[in-house]
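Whole structure, please, built from the sequences with the hints as guidance.
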Amino acid sequence: MDKIAVKLSPRTVTGKKTRFLRRAGVTPCHVFGHNLASQTLQAATADLERVVAQAGSTRLVALQEEGEKKPRMAFIREVQRTPVGGGLFHVDFYQVNMNEPITAEIPLRLVGEAPALKTKGRILVHPMAHVEVESLPGDLPASITVDISVLNELHDAIHVRDLKVEAEVTILSDPDQLIAKVSEITVKAEEVTTAPVAATAPGAEGAAPAEAAAPAAAEAK
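Per this note's numbering: the sequence shown ends with 249, consecutive numbering throughout.
I should point out that these hints are in silico values taken from the structure, not numbers from a laboratory.
Misleading hints may appear alongside valid ones.
[Unchecked claim] What follows is a list of derived Cβ distance ranges for each label pair: (1) Asp167 x Val41: 36 to 42 Å; (2) Gly115 x Glu162: 32 to 38 Å; (3) Asn180 x Ala74: 46 to 52 Å; (4) Ser37 x Ala185: 47 to 53 Å; (5) Asn180 x Glu96: 51 to 57 Å; (6) Ala52 x Ala195: 45 to 51 Å.
[What the hints assert, rightly or not] Derived PhoX-like pairs: lysine-lysine, alpha-carbon spacing no greater than 25 Å straight-line: (7) Lys97 x Lys35; (8) Lys98 x Lys35; (9) Lys31 x Lys97.
Glycine is no exception: its CB is placed at the ideal position from the N, C-alpha and C atoms.
This is the structure in structure tokens:
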């Protein structure tokens, strides 16, 4: 996997004046971490956009700070964007100790085709998008692959306990949590309510009384 790196330089402009940095194609950054005071830095916006797209929140980024020979390893902790246009506004990096385990939320990536879905009226249910894991920073996977081609029958399911990861990675999420399952599509029938027809009382308006036919019958005689 290619190394992701970005060049950072010290930042002296703070507060509202940072808008001038952004206009010049520079984005403000902060770097913090365990036993590390927050550092105010900056980087070229174009470089940061590339790093954010490649690294997400689960891949290590080598921070090459101006004046430092050795890069520091960090994860992207937060990316802020402008409400209008979605341009980069601010990026936070979290520096890690490569020899200390960390916990992280790793995205699940569904691959393959489930044979059970070839039958009409079925759907794939996948309530989980991430799992929590623990490992050394260098062993942290960018994502975990879930092969749904093992779902052959209706109600077949994949749980956290079925995930395959490297020995250096420990999954912390509940092993019984559901990741993917084939279910039937259920359509709830609408209840149709029919209003009862009210009986019309004899003699009521619009009804012909039974006695009305009697005189005519008498005259016919």
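Okay, the hints, checked on the actual structure:
1. Asp167 x Val41: 36 to 42 Å: 38 Å, holds
2. Gly115 x Glu162: 32 to 38 Å: 35 Å, holds
3. Asn180 x Ala74: 46 to 52 Å: 48 Å, holds
4. Ser37 x Ala185: 47 to 53 Å: 51 Å, holds
5. Asn180 x Glu96: 51 to 57 Å: The hinted range 51 to 57 Å holds for Asn180 and Glu96, with Cβ atoms some 54 Å apart.
6. Ala52 x Ala195: 45 to 51 Å: 48 Å, holds
7. Lys97 x Lys35: 12 Å, holds
8. Lys98 x Lys35: 12 Å, holds
9. Lys31 x Lys97: At roughly 17 Å apart (the allowed maximum being 25 Å), Lys97 and Lys31 satisfy the hint.
Comparing the model with each earlier hint shows no violations; every hint is respected.
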